[in-house]
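Once you've looked at the hints, dock chains B and C against the given chain A.
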Amino acid sequence: MDQLPALQVMLPLVMAPLVVIVRHPKWSWALATITSFLACWVSWLLLQQVMDGSVIRYAIGGWEAPTGIEFYIDRANAGVALLVSGLSSLVLVYAYHSIQRTVDKSKHYLFYAGWLLCLTGLIGMVITGDAFNVFVFLEISSLSTYMLIAFGSDRRALVASYRYLVLGSVGASFILIGIGFLYAATGTLNMVDLAVRIPDSESPRAVLVAFSFLTVGLMIKAAVFPLHGWLLNAYHHAPIAVTAFLAGTATKVSLYILMRMFFSIFGDDYSFGLMLLNWVLLPAAIASFLIMSLVAIYQTDLRRMLAYSSVAQIGYILAGISLATQQGLTAAVVHMFNHGMVKATLFMSVGCILYRVGNTHIPSLDRLMSRMPFTVVAFIIAGLGLVGVPLTVGFVSKFTLISALLEQGWWPAAVMILVSSVMATAYIGRVIYLMLFREARGSTVTSHGYREVPILMLVPMYVLLALGLYFGIFGSQTLSLAEGAASTLLGGYQ
Amino acid sequence: MKIYARQRHRVLQVITRLMVPFVLMFGLYVQFHGDYGPGGGFQAGVIFASAFILYGLIFGLQRTRRVLPPSVLRWLMALGVLIYAGTGVLTMLLGGNLLDYDVLAHDPLHGQHWGIFAVELGVGVTVTAVMVSLFYGFASKR
Amino acid sequence: MDVIGLYNYWIVIVLMMAGLYILIARYNLIKKMIGLSVFQTSIFYLYITIGKVEGGTAPILVDDPHVVYSNPLPHVLILTAIVVGVATTAVALALTVRIYEAYGTIEEDEIRAANAEEQDI
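Chains as they are written, first to last, in numbering that gives the first Met the number 0: chain A, 0 to 493; chain B, 0 to 141; chain C, 0 to 120.
Chain A with its partners taken away, still in its complex shape (with noise of 0.2 Å):
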């Protein structure tokens, strides 16, 4: 038992390889699947052992702590450690058939032993307490994502994974400075020993410019508005599993990483008061959900207009943590997870769409749920969802986030908030419209009927949308758990 933390890494890391040397398609994705599902059993073990308040710390090598470099689990990021292997594994049941349509059979070995790779460097990232680990863990995914999302099916995959590619590794290399100038400040690399150090560094403009190069290279990761570019061709081009695998996942383990920071090592006295970091925070996630929602009506492609939804609901994650208060922090922490199951279970369905039509521009969805309801009926409950509907996981979210910023007396970005919602449903209401009622404008279109898609594509997507549906109605649940979260990242480390 004393060794999940590590197994929680090692398990993805170690099957990756076997995966490797396997290369049967069939059996390679057999094996990527359980080893999924077992770190995910993992992360529930360790959040079972941390949900009272308690912290984990697992020496790695037994060389203690400050020397050493640490696994450090506590109600926060036992909880996002959840959340990603869980969705990896959903996410892998549904990839079998939706990976078959674009990647070609020789090449599924390297596929699996990528998200293999991919699910260690986002799981070890959430988990670790030494920052220069963040940076390893960081790379790890990244390049595995790089390659994953060169698998689409169409050459504006590869430009798109080469973007990424680009700004992905500037992003890194900032954090990579940043940590270099934390290091020379205090002489640590631990992050509670960093915590510790930082309020009595020597040199307070090398803390300054390492915060500052540390919240630039985070929000590249994490695609906040103004730098959020090499998302949208990347969700758009990328394989549809990986799309919604990476939605689910990639940008809140960053936005994870960004809260820890703000709030557990540099304190939010520093953050927020100091360095004033709600002034910089609070337009970026308002012009994000405005201008994002706005942009996403506009769009003629269904994998486009999530893309630039996905960037928008990233702007209701950073409003919450703009607000550094224990209510905003919790909507932040709740809007995360919900976020991530609701796009994940979106994209899912679209991949179901792209399965059986060929593709996803808009028009050709006309009176789709004659044809696939099932589908179809996934599609409107996320996508209620999503705009924030009573009974909704969505719903909670923003109700807590609204709450939050009306405590501060914000009410203007309240009020922000419910336009862009208002606008989400223009753009989700929009194709609900067409695949429910709309006639078919050309004769082609109805001529084939499609069928629905293989069981193994909706049974993921089903147990995705239960859950988020129990998590609407059961909301409280989850928001005790977000608040021990925020609580935990608020009060710094022990």
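Quick caveat, the hints were computed from the structure, so don't treat them as lab data. Accuracy of the hints is not assured; some may be wrong.
To be verified - List time: in silico DSS-like cross-link candidates among lysine-lysine, alpha-carbon distance up to 30 Å:
{"no.": "1", "chain 1": "B", "residue 1": "Lys140", "chain 2": "A", "residue 2": "Lys106"}
{"no.": "2", "chain 1": "A", "residue 1": "Lys104", "chain 2": "B", "residue 2": "Lys140"}
{"no.": "3", "chain 1": "C", "residue 1": "Lys30", "chain 2": "B", "residue 2": "Lys140"}
{"no.": "4", "chain 1": "A", "residue 1": "Lys25", "chain 2": "A", "residue 2": "Lys106"}
{"no.": "5", "chain 1": "A", "residue 1": "Lys25", "chain 2": "A", "residue 2": "Lys104"}
Claimed, not checked - Derived coverage of chain A by chain C (criterion: at least 3 residues anywhere in the stretch with Cβ under 8 Å from a Cβ of chain C; other residues may be distant):
{"no.": "6", "segment": "136 to 146"}
{"no.": "7", "segment": "174 to 181"}
As the list claims (entries may be wrong) - Non-contacting residues of chain A with respect to chain B, defined by C-beta distances greater than 12 Å in every case (computed):
{"no.": "8", "residue": "Asp192"}
{"no.": "9", "residue": "Leu289"}
{"no.": "10", "residue": "Tyr461"}
The C-beta atom is built at its ideal place from N, Cα and C for all residues, glycine as well.
Same frame as chain A, now just chains B and C:
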């Protein structure tokens, strides 16, 4: 990339033939002397791979591929990571933390020695395989 | 403030800005990669500078107790970062090769033009 025909550049060919064993030997030295002096898996792996790359530049891809086929490289790549990760798992099985080499032998000092030896070996194998397969990948394009 | 004495940092700044400039201003994908490499190299140099101890020698243990060593930790960190940089470059070059195969060009503006034509289909 222009691959030189067999009959040309006799000087280069002879010198390469002489050089390759020494490069390989130096790679091994850097690998296994890494505990006492500067060295280790990364550097050794690159040096070791550079011998194959030199051979490939002079004698052509075909002949190098016969010495070190890509299928073997794939195995080596995976094997190196497995050696590394396997050491970690072994230390966990023996009751220590991940990569806690103390438990590998009765004497913690020896344990550390064995542990770092195995880990560096894994790193070296993987780096060699990755470097050579990168060379294959790029050199085989047109 | 000793401006000349901090020449290491000036080199870091010049390299970093040059790298970023190439990255932003050049349309050729290979040149972009060169820019990224220069940028990353400047960071390696920054780390080595941080680790330098005045009068310190390379951190290889010798028997003399009076020897001052440079801080080896930044060296170790940067070794990892160098490997990451090599991997990034390799992935980028592989992508460039495949982009060239798919588009017949590695100029970003030409690729964008080719994509724009494709978009409406």
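Structure-based check of all given hints:
1. Taking the CA atoms of Lys140/B and Lys106/A, the gap is about 18 Å. The hint holds against a cut of 30 Å.
2. Annotation: proposed proximity of Lys104/A to Lys140/B holds, straight-line Cα distance about 22 Å (limit 30 Å).
3. Distance check on the hinted pair: Lys30/C and Lys140/B sit about 20 Å apart at the alpha-carbon level, within 30 Å; holds.
4. For the suggested pair Lys25/A and Lys106/A, the alpha carbons sit about 11 Å apart, so the restraint of at most 30 Å is met.
5. A hinted pair counts as satisfied when its Cα atoms are at most 30 Å apart, and Lys25/A with Lys104/A qualifies at roughly 9 Å.
6. Restraint check on the segment 136 to 146 of chain A versus chain C: 4 residues with Cβ-Cβ distances below 8 Å, three needed, restraint holds.
7. With a threshold of 8 Å between beta carbons, the proposed coverage of the segment 174 to 181 of chain A by chain C holds, since 3 of its residues qualify and at least three are required.
8. The claim that Asp192/A is not at the interface with chain B holds, since no C-beta of that chain comes within 12 Å of its own (minimum 19 Å).
9. The beta carbon of Leu289/A sits about 46 Å from the closest Cβ of chain B, which is more than 12 Å, so the claim that it is off the interface holds.
10. The Cβ of Tyr461/A sits about 35 Å from the closest Cβ of chain B, beyond the 12 Å cut-off, so the non-interface label holds.
In summary, the structure agrees with every hint in the numbered list given earlier.
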